[in-house]
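Enquirer: Chain by chain, the residues:
There are 2 protein chains.
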Amino acid sequence: MKPVNVGIIGFGTVGAGTAEVLLQNREIIRNRVGTDIVIRRIADLDVTSDRGVAIEPSVLTRDAEEVIRDPEIHIVAELMGGTGRARELILAAMERGKHVVTANKALLAEHGKEIYEAAERHGVDLAFEASVGGGIPIIGSLRGGLSANRVTAIMGILNGTSNYILTRMTEKGQPYDQAVQEAIELGYADDPPTLDVDGTDAAHKLAILISISFGAPAALGRIHREGIDRITPEDIRFANEFGRRIKLLAIARHRNGRVEARVHPAMIPTDHILANVNGPYNAIYVEGDFVGPNLYYGLGAGRRPTGSAVASDIIYLAREIRQGMKNFMPPLAHARPLETEVDIQPMDELRCSYYFRFSALDRPGVLSRISGILGEHDISLSSVIQKGRDVNGSVPVVTLTHEALERDVVRALARLEPLDILTHPTMVIRVEGA
Amino acid sequence: MKPVNVGIIGFGTVGAGTAEVLLQNREIIRNRVGTDIVIRRIADLDVTSDRGVAIEPSVLTRDAEEVIRDPEIHIVAELMGGTGRARELILAAMERGKHVVTANKALLAEHGKEIYEAAERHGVDLAFEASVGGGIPIIGSLRGGLSANRVTAIMGILNGTSNYILTRMTEKGQPYDQAVQEAIELGYADDPPTLDVDGTDAAHKLAILISISFGAPAALGRIHREGIDRITPEDIRFANEFGRRIKLLAIARHRNGRVEARVHPAMIPTDHILANVNGPYNAIYVEGDFVGPNLYYGLGAGRRPTGSAVASDIIYLAREIRQGMKNFMPPLAHARPLETEVDIQPMDELRCSYYFRFSALDRPGVLSRISGILGEHDISLSSVIQKGRDVNGSVPVVTLTHEALERDVVRALARLEPLDILTHPTMVIRVEGA
Chain A
1 MKPVNVGIIG FGTVGAGTAE VLLQNREIIR NRVGTDIVIR RIADLDVTSD
51 RGVAIEPSVL TRDAEEVIRD PEIHIVAELM GGTGRARELI LAAMERGKHV
101 VTANKALLAE HGKEIYEAAE RHGVDLAFEA SVGGGIPIIG SLRGGLSANR
151 VTAIMGILNG TSNYILTRMT EKGQPYDQAV QEAIELGYAD DPPTLDVDGT
201 DAAHKLAILI SISFGAPAAL GRIHREGIDR ITPEDIRFAN EFGRRIKLLA
251 IARHRNGRVE ARVHPAMIPT DHILANVNGP YNAIYVEGDF VGPNLYYGLG
301 AGRRPTGSAV ASDIIYLARE IRQGMKNFMP PLAHARPLET EVDIQPMDEL
351 RCSYYFRFSA LDRPGVLSRI SGILGEHDIS LSSVIQKGRD VNGSVPVVTL
401 THEALERDVV RALARLEPLD ILTHPTMVIR VEGA
Chain B
1 MKPVNVGIIG FGTVGAGTAE VLLQNREIIR NRVGTDIVIR RIADLDVTSD
51 RGVAIEPSVL TRDAEEVIRD PEIHIVAELM GGTGRARELI LAAMERGKHV
101 VTANKALLAE HGKEIYEAAE RHGVDLAFEA SVGGGIPIIG SLRGGLSANR
151 VTAIMGILNG TSNYILTRMT EKGQPYDQAV QEAIELGYAD DPPTLDVDGT
201 DAAHKLAILI SISFGAPAAL GRIHREGIDR ITPEDIRFAN EFGRRIKLLA
251 IARHRNGRVE ARVHPAMIPT DHILANVNGP YNAIYVEGDF VGPNLYYGLG
301 AGRRPTGSAV ASDIIYLARE IRQGMKNFMP PLAHARPLET EVDIQPMDEL
351 RCSYYFRFSA LDRPGVLSRI SGILGEHDIS LSSVIQKGRD VNGSVPVVTL
401 THEALERDVV RALARLEPLD ILTHPTMVIR VEGA
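Top to bottom, those sequences are chains A and B. Following my numbering, the numbering of the first sequence begins with 1 at its first residue and continues without gaps. Following my numbering, the numbering of the second sequence begins with 1 at its first residue and continues without gaps.
No incorrect hints appear here.
One copy or two, it doesn't matter: identical chains are merged, so the pair holds either way.
Lysine-lysine pairs mimicking DSSO-like chemistry, simulated, CA-CA at most 30 angstroms apart: (1) 387 with 172; (2) 113 with 2; (3) 2 with 326.
It is worth saying that the hints were derived from the structure and are not from the lab.
Only chain A is shown next, with the shape it has when bound in the complex:
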């Protein structure tokens, strides 16, 4: 049995993890696949640094084209990241009939349609388990074990950096900046961690999950996106008083033929299974119409977990190649032609409950004035906490609402904000799993 040959483009964290697992577990993998998987070429601009993996120097090249052009290579793993050169290399590899594995969530979220179509046009496979949830096999589960279901909801903690920061703020009462600094020092965050904390990374991943669940690309620009940088320890304490935790959630929900798609901090009950996903862990909660609630949990990043996911895709493709098959699974796990895109509901049509923290003058009648204006916009309160007294006479008035329409919330706040009874902008956090 001839071996299956792999070319890796990008020998950074993920590339090194992938090479490491393929080498260290070579025997286990050979037993599972039925033949050897050989790393034939690794391209990276840096061919000298020690990655702690025993790779022959002759395998390394600075020229990614060498990987694409090598006729012996069956599978190209694009692990360099970015949306420029990576896109070109993937398309070139597909044109030469090579199967492609990628961990590149930004590329798939931004150029997915082009890449999915190229894979189908060239009759090659595209696998991207590592693009969402690190080592968690969520894409395989949506493609396979959940495939009989209409997906009704996805709620994911998809960014380990944000989750680490929020966990520290919750457990230690740290302010945001301090928790960020600690995350950077511990290697859980880039410096600065912009795309992690502003919701962009989670939105990329949500776009991919939506595409697989509903069988069409999702327009990234239509996914509502808010970050965690405005969350204060005070909000975390108030959440706790309401029996809730604050998490950065990526949410997709199927409603009347359209899909809600949004990434933002959300308050969830402390006994919700996602509330106890802490530190750098990721988790994806999926509801299907038959399977009911499911949860998938694991490390969402890092050399070894991500290497595990990339290698599992390589194993999957090697099993196909060994048996002379291909295209068992279309990129989005739907056999029909791609629809233009998933119909994403405009954000102002969202209905959910809200947490408002008003900074108000400590004066009689303030709460009644606030709740009066909210009421005029069909927003009714389910809980109120009003206590403490600030030195400058401003106090927090904290409320939870019953379900309300996002558009009404925006309008009500636009009326409230200019009033002289409010001293600072109002903090708004959506409430899930009420």
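We have chain A already, so just place chain B on it with the hints.
Expert: Chain B in isolation, oriented as in the chain A frame:
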């Protein structure tokens, strides 16, 4: 494109759930597979009861052989259960070249080797996602997304009935018998629930998980098995004092080339992710050498979740058939020939921590006598709770140990039990995640 034809044997809870999801989500499934999946025949001794599924009467038959003999049927779903007739029918279907889907964990645990070999011999596929964890795609994950890993540990809550009973005992302080009665009344347990509460059902499922993880059948008789019927509310309260919960766990752990395999009540820390899996839910915690800790959570039983899993297997096979492929995945997801069986470590070689609740005379020196004898067997204590006073002068002496050898524990208890300072048999519960 010609449809893929399915024959279902057994129109009980699982059969009806399977038919329901295939019919209700027909359009979604057609989009995913690329062709229709048609239920061509359903065999059951009862062809008259209404299962709430719109099946033409002509599809129903009392003769399972009709399903096997129908040359138009590509996939046979064996959903009748049991290890007698079900085994014969599966083997007969395979002999006629039909792919087989089953939810039958007892059959696979007891006769897996014969059935896996028959599938390979006849060149047909065997899929059994529904046999473990209901709708949770754990088998697909072990076969696919985790396939690059050496599985180092599995800890599962695999029996929803036991978990429901223990949850009620924990949350309401109910005694075992009362919780069982309630579970029966609510339909979470059979009457009597023997195979659920004595660990047999969980052991069947563990045998299947071990087989896939390690690529060989596991001898069911070598899996240590204890039930939950001896657990008292008192033990649950003491567990709580130690910051722990009691769960019925199915555990497999890879140690020096052998595999620990055991089902028993275990105390786990309250902040362990499995400690918060409550009610009828199942969860499987898997550790891989690269992926690290992973968790899979969902409903472990019931018409709709189990139907979801069976239908996902049918979809998988239909995708193969549509593309003229077969045998993409061998039954145990290992391409090499089956080894005789997984090498399971004898139970007396287990090393773990233990909870002992001694019922002792309330006399000075008792604890020192007990701990002395334990010490002679290399068992040292990490915590002791000694309080309360029984009306008849017997008091609980509750201890946690450091890691000890099971064989030493058995010997020490054999020496302690006859002593007149102990008034009742000692409760022993293993401690995990210390």
